[in-house]
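Quick note, the sequence shown lines up with residues -19 to -1, 1 to 329 if you use mature numbering (1 follows the signal peptide of the UniProt record, and there is no 0).
There may be inaccurate statements among the hints.
To be verified - Distance condition first, Cα-Cα at most 27 Å in a straight line; then the derived DSSO-like pairs of lysine-lysine:
id, residue 1, residue 2
1, LYS275, LYS259
2, LYS251, LYS275
3, LYS251, LYS125
Claimed, not checked - Computed Cβ-Cβ distance ranges for the label pairs, DEER-style:
id, residue 1, residue 2, range
4, LYS308, SER72, 18 to 28 Å
5, LYS259, ALA69, 20 to 30 Å
6, GLY99, ASP226, 11 to 21 Å
7, ASN165, THR28, 28 to 38 Å
8, ASN98, ALA27, 47 to 57 Å
9, GLY178, THR28, 53 to 63 Å
10, ASN98, GLY168, 15 to 25 Å
For the record, the hints were derived by calculation from the structure and aren't laboratory data. Ideal Cβ placement from N, Cα and C applies to all residues, glycine included.
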Amino acid sequence: MKRLIATLAAATLGLAGCAGGTAGGGADKNGESTSPAAAQPTTASATASLTVGLTYVPDIQFAPFYVAEDQGYFREAGLDITLRHHGAQESLLGALSSGSEDVVFAGGDEMMEGRSNGIDVVNWATMYQDYPVTLIVPADSPIKSAADLAGRRVGLPGPYGENYYALQALMAAHNWSESDISVNYIGYTQAAALASGEVDAIIGFRNSDVPSVERQGVPVRTIEMLPGGLPLVGVGLGSLRPTVDAHRDDFTRMLAALDRAVNFARSNPKETVEITAKHVPALREADNAAAAEKVLANTIELYAGRTPLGVQDAQRWEAMAAFMSEKLLREPVAAADAFVDLTGGSAH
């Protein structure tokens, strides 16, 4: 455990030093990227057909994919993209490993766990450049820092996924066991649980859970879970290694199309919500659309943390591999096996 804490401390200090990055590129009035790193739209002569798995139910957080489809960005990049949402009982990487999907949108940490379990998934783009999970408390809570969570009730969906990995990193850094804090696995009811006082804090997503709780009339604050950030990699795109080898050029064009879509969404939030409403009919209601705009703005910040879109942070991957291999994985995973960078801009 001492070695783990030292690893976490060193990793987070290193990450803090390289976290500045480059701000996301600008956009012209049509939402097109003005970043010199962004590929210009071209129409490819051959069309590649790919199925992209967007995990679980349609949501405003997937808006860049809906926009790229709706505005023809995928088509102009020579891609025939099928967007597929997972069924409620479907495992995260099940369709990828079976060949039903060519690409999956999932956490880098979730993909690393998949590799540990024998799935040859390789992350080829980090889409959320800032890890989206944070500690969320009521605005008037006496909890002022993550250390104040000791002895209190914290809620998260269950012992899986990004919320859980973040909890484990926090507990390791403070040398806590589950007897030191009251961990409540409450399904996807964190917002309601915090609003009702069932828990003192939740580990949730800054882009979606924060506005969800506030929409229920509970002002909240977010608290950094570890100084310098968690040693975890956020949501990205992954494929089986043979698929990456066969479609590197296609994936590069997909990133260019998504870069256009992110910039469109930033410049045209209302239209983006309208496009998303084709997948999420509830967004046709004015109140829901207004709430979705807030989530969209928060989500675009996560996409646009650094340029070029999809760039990998090798140091963060190394930190995550060290932490997860010691604490969370069935078998250790080497960071170098878990990701590739197709942008040419990997941070070291």
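Evaluated hints:
no. : hint                       : result
1   : LYS275 x LYS259            : holds, 18 Å
2   : LYS251 x LYS275            : holds, 11 Å
3   : LYS251 x LYS125            : violated, 35 Å
4   : LYS308 x SER72: 18 to 28 Å : holds, 22 Å
5   : LYS259 x ALA69: 20 to 30 Å : holds, 21 Å
6   : GLY99 x ASP226: 11 to 21 Å : holds, 19 Å
7   : ASN165 x THR28: 28 to 38 Å : violated, 49 Å
8   : ASN98 x ALA27: 47 to 57 Å  : violated, 35 Å
9   : GLY178 x THR28: 53 to 63 Å : holds, 54 Å
10  : ASN98 x GLY168: 15 to 25 Å : holds, 23 Å
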